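J.: Read top to bottom, the protein sequences are chains A and B.
Going letter by letter, the first sequence gives residues 392 to 638 in the numbering used here.
Going letter by letter, the second sequence gives residues 36 to 901 in the numbering used here.
It is worth saying that the hints were derived from the structure and are not from the lab.
Note that this is a predicted model, so its numbers are computed, not measured.
Hints are supplied without guarantee of correctness; some may be wrong.
As the list claims (entries may be wrong) - DEER-style ranges, computed between Cβ atoms:
1. B:Arg453 <-> A:Ser494: 22 to 32 Å
2. A:Glu575 <-> B:Met372: 36 to 46 Å
3. B:Arg481 <-> A:Ser494: 49 to 59 Å
4. A:Asp428 <-> B:Arg820: 55 to 65 Å
5. B:Arg314 <-> A:Gly515: 54 to 64 Å
6. A:Arg420 <-> B:Pro530: 11 to 21 Å
7. B:Arg820 <-> A:Ser413: 36 to 46 Å
8. B:Arg820 <-> A:Glu575: 39 to 49 Å
9. A:Gly515 <-> B:Arg456: 17 to 27 Å
What the hints assert, rightly or not - Here are a few chain A residues that face chain B, going by a calculated C-beta distance under 8 Å:
10. Leu457
11. Glu458
12. Glu477
13. Asp478
14. Ala481
15. Arg482
16. Arg484
17. Gly485
18. Arg486
19. Ile498
20. Met501
21. Glu505
22. Val509
23. Pro510
Said to hold, decoys possible - Non-contacting residues of chain B with respect to chain A, defined by C-beta distances greater than 12 Å in every case (computed):
24. Glu91
25. Thr215
26. Val508
27. Ile512
28. Ile620
29. Glu621
30. Ala641
31. Thr683
32. Asn697
33. Thr861
Beta carbons: idealized from backbone N, C-alpha and C, even for Gly.
Chain residues, written in single-letter form:
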Amino acid sequence: MDQTTPHRDPNNAVRLRDVHLSLGTGAARVHILKGVDLDVTEGSSLGIVGPSGSGKSTLLMVMAGLERSDAGEVGVAGQELTTLNEDALARFRGRHVGIVFQSFHLIPNMTALENVAVPLELTGDRDAFAKARAELEAVGLGERLSHYPAQMSGGEQQRVAIARALVPSPTILIADEPTGNLDEKTGRQIVDLMFKAQETRGMTLVLVTHDRSLADRCQRTIRMRSGVIDTSPLEAAPRSQAAAADA
Amino acid sequence: MSGAQSANRPGVMLALRFALRELRGGVKGFYVFIACIALGVAAIAGVASVSRALTEGIAGEGRTILGGDISFSVVHRELQPDERAFLDAEGAVSSIATMRAMARAPETDDQALVEVKAIDDAYPLFGTLELTSGGDVHALTQANGAGFGAVVDEALLVRLNLEIGDTIDIGRITLTVRDTIANEADKLAGGVDFGPRLMVSLDALRASGLLQPGSLVRWHYRLKLNRANEAAGAEATDMVSDARLEDVIAQARDKFPSAGWRIRSRANAAPGLQRSIRRFTQFLTLVGLTALVVGGVGVANAVRAFLDTKRPVIATFKCLGAPGSFVFIVYLAQITMLAGAGILIGLVLGAILPFAAGIALEQVLPVQVINGIYPAELGLGLVYGLMTALAFALWPLGRAHDVPPSALFRDQPGESSRLPRKRYIAATAATVVALAILAVALAYDRYIALIYVGASSAAFVLLVLVGRGIMAVARKIPHVHATEWRLAIANIHRPGALTPSVVLSLGLGLTLLVALTLIDGNLRQQLGTTVAQKAPSFFFVDIQNAEKPAFDTLLAREAPKAVRQGAPMLRGRLVKLNGVSTEDIEAPASAAWVLRGDRGITYADAVPENSRLVDGAWWGTDYTGEPLVSFEAELAGELGLAIGDTVTVNVLGREITARIANTRTVEWESLAINFVMVFSPNTFAGAPHSHLATVTWEEPVTTEREIDLLKAVTAAFPTVTGVRVKDAIDQVNALVEQLAWAIRAASAITLISSIMVLAGALAAGHKSRIHDAIILKTLGATRARLIAAYAIEYAALGLVTALFGVIAGSIAAWFVVARLMDATFTIQPAAAVAAAIIALVLSVTLGLIGTWRVLGEKPATVLRNL
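Use the sequences and the hints to build the structure in full.
T.: Written out as structure tokens, the structure is:
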């Protein structure tokens, strides 16, 4: 197992304890996460909201093993991430974490099918392309397999990104402003896709958003403020949006 | 579990697959990279192939070039009957004699130094002598009613303003010029010519009076071996085996140990020429390597720029579970494939080069250059190309390993200046060292190659430091009020500035250019002025003992104000040092020439002029003891000779051993009468010899005055040969000129590489330049101001780089001229100014080309697309 002691906690997909993180050097060094404690139950969905610079994306990156905390414990999918080296972290992500970015981050010189197959190819899965094809069909892109990112719309690209995040059947799906670059209608379709996958596959969903209505679709929402989780009660979203989300 | 995990690790094949997918984006941004590699590889593979084609051509035509399977040559004398009988028993023999003489046109009284070649009826044993009108050389050179005939080089007719059918005088006879020589296959074996060829029969030479005791005539006996005991059907050709060849040579040495003949076999027909080709090949290979190293800067720039654009992709790979080492392999594979494309183009060009050279050299060489593809030589280009690409790409590629996946969210300051992991630093160092070892190991002269590798590495490191130094100085410059200057200074030192790549790419090319220009200029100056001013006007050779008093009287009358020197002169070969055969002595390259071939030797009562006694004592005027010799001090040191040691020379087929009595220094560059060995007069008592004389005017005299003296001498002494030093220097200058063109072509390749890298570096910085320019225009900067700012920046970089190029190039040139060639070095300001102008023009022009266009556009148009 990736050079670490197992940190089993059957109920929590994410378990953060007193997580600190600073970025930059010298005078430019900024203390971003200031002692975050957080548990996310397996199979649940969590929305993270907060103003720009509050540390919500950084928190997401720590959970995804994209950023190393300076102090504290980071347990994800039963694995303590702070003890893993860079390569072990990469392999961990490949198996357990699916990530959806605001800017899609598809690989421009690969077709939709190849983009989705990459995580499976990296783990040596012989059925990588068959599974990737099935995943693309599941997100409604069965006809666009051999298209390159530049030949697709923003919504299509994000659907490819979701297929790519889902194809290794990760324990946890992480999304950073997944609808930030999309129009409202397309954004809603994308969100539906993610929640549907979370429900049907029983995976944990953590998403960062500025959009309160999107956050309210999650089973639980937290707000970040100046590097800590703000425990004051959240304001309710406008009723109509909340109702739509519940539907 | 761990086994299962390692099995899941992405492998090399997957990396290759990913690399191929990534390359679908095309090679944009890699044109300079590919061109640099192609150019360097083409230069190295091409030069190596041409060299191989030439040496194989010479080796393949060995018998034709040599004129026989074996050639035996002796100076001053013909072979003894027993020696000749030995050769006759082994096969067909052709004897020819070569010497220098004066050809005079009786009608005009013009004269020219000619290389006389007297042939027997058996000539040529191999190959053919082609005459322009297609006639037979023997028929044309035989005596008829009008006397002997001659065939000559076209150049002699031009020089003496003659036509076919005209007569010329040689020695004491008159010859009719009956044809010109179109191709003389055995000419290459002869060495440097100081005049055009004049070919006559042996009978004509004997009749000319040129053959006197002690005359500087060389007799060559070419032997076409018979099969002896070899089975006639052993080979389809008439070529006898190498074993038989070696056997005859061994027998000749064994039976006639003191014949003093120089023996050459068809396998080593033109050793001097082959040495020259190897030496020149090494030089051109090193220049080619410089082009590759300069191109390497372009490789590094291209890889760095490429990886910058790929940061999001690399980070995405990492987010999706790819380890850093996998990412490294993916991009290493891409760079290797792109380098492969460059190498392939270079190899194709390199393979074509021998064919082009074959056509170009057709007129110069009497042998066919072997046109073909030379896999080993092309392989050399491939290895050099690949190693250079890796040496410059591994470092930036190593950084790709550590691109953090969080780069997708934010840039991290300082990350680009971080060192790659130790393994990549070690791999870069190993490749650089391997490249250096390869360059030195394959070199003809490893000492020079080692110096070259050291010097170019030093230049490289220094240029990196100069680049950083400029940035540091620019950073410290106090606030300047003029906006253009402030912008320019800021551009020089800001993060990601062009300074390091501009200084490095331009600096390496300029350094080489300055070094080659200064070496070339110094050699020309040396030959054209320094030597010409100090050297005598004339050398007169083959002055017979009996003629000597009359000759001296004539010189005193015709050139009363000139300095007239003379010395007895014989030709001999050094055959033993302290009883050890010179063939068994491994002499250093700088002294090996003394042991090779014939040397002029002399005897004297007193220390000759231009010499100074270093050690030991000179013999007395009437010395009669054992033969003594004075040896040139530096050469004695290099050959390990000390006072009291013995040297054995073979003169006229006799071996004479003398003890070294003293050593002395000689002013070689004076071109006066200088000998390595001066013997005590009793050593050669009674031996037939001739005299050598020089005439030196201290005041400059006109060409007419010189020609008048030559006419007076040759009219009175037709068998004396006069060499006008200015003509000889012109000949050498012409040779240097030809070599200089090859050198210029080679350095042009480096400069082109430099320009490409520079253009590439400037183009890479172009995008951010446009961005800055548009923002500044939006804020109110005029075009003139922006152009001034950029011009100041580029000019400052160009000037500092030129300064470095001039200093480093001058040091390199000084080392070559003063230390390796032992000549006087002078700085030539013209080269420095030229380098500065080139640097300025290149940096400013290339820098402004792209910016100029965009400055004319409306900011809004560009802003929308930024």
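J.: Minimum Cβ separation between B:Thr683 and chain A greater than 12 Å?
T.: 74 Å, holds
J.: Does the claim that B:Thr861 lies off the interface hold, with its Cβ farther than 12 Å from every Cβ of chain A?
T.: Per Cβ check, B:Thr861 is outside 12 Å of chain A; nearest 53 Å; holds.
J.: Hint says 36 to 46 Å; check whether the CB-CB distance for A:Glu575 and B:Met372 agrees.
T.: For B:Met372 against A:Glu575, whose Cβ atoms are near 44 Å apart, the range 36 to 46 Å holds.
J.: Given A:Gly485 as an interface hint, is its Cβ closer than 8 Å to any Cβ of chain B?
T.: With a minimum Cβ separation of about 2 Å from chain B (threshold 8 Å), the hint on A:Gly485 holds.
J.: Regarding the hint that A:Ile498 lies at the interface with chain B, is the smallest CB-CB distance below 8 Å?
T.: 5 Å, holds
J.: With a cut-off of 8 Å, does the beta carbon of A:Leu457 approach a beta carbon of chain B closely enough for the hint to hold?
T.: 4 Å, holds
J.: Is the nearest Cβ of chain A still more than 12 Å from the Cβ of B:Thr215?
T.: Given that every Cβ of chain A is farther than 12 Å from that of B:Thr215, nearest at about 67 Å, it holds.
J.: Does the no-contact call for B:Asn697 survive, Cβ to all of chain A over 12 Å?
T.: 74 Å, holds
J.: Per the hint of 55 to 65 Å, is the separation of the Cβ atoms of A:Asp428 and B:Arg820 within bounds?
T.: Cβ of A:Asp428 to Cβ of B:Arg820: about 57 Å, so the range 55 to 65 Å holds.
J.: The output says B:Glu91 does not contact chain A. Does that hold with a beta carbon cutoff of 12 Å?
T.: 47 Å, holds
J.: Lying within 36 to 46 Å: is that true of the beta-carbon distance B:Arg820 to A:Ser413?
T.: 42 Å, holds
J.: Against chain B, with CB atoms and a cut of 8 Å, does the hint on A:Asp478 hold up?
T.: 4 Å, holds
When held up to the earlier numbered hints, the structure conflicts with none and fits them all.
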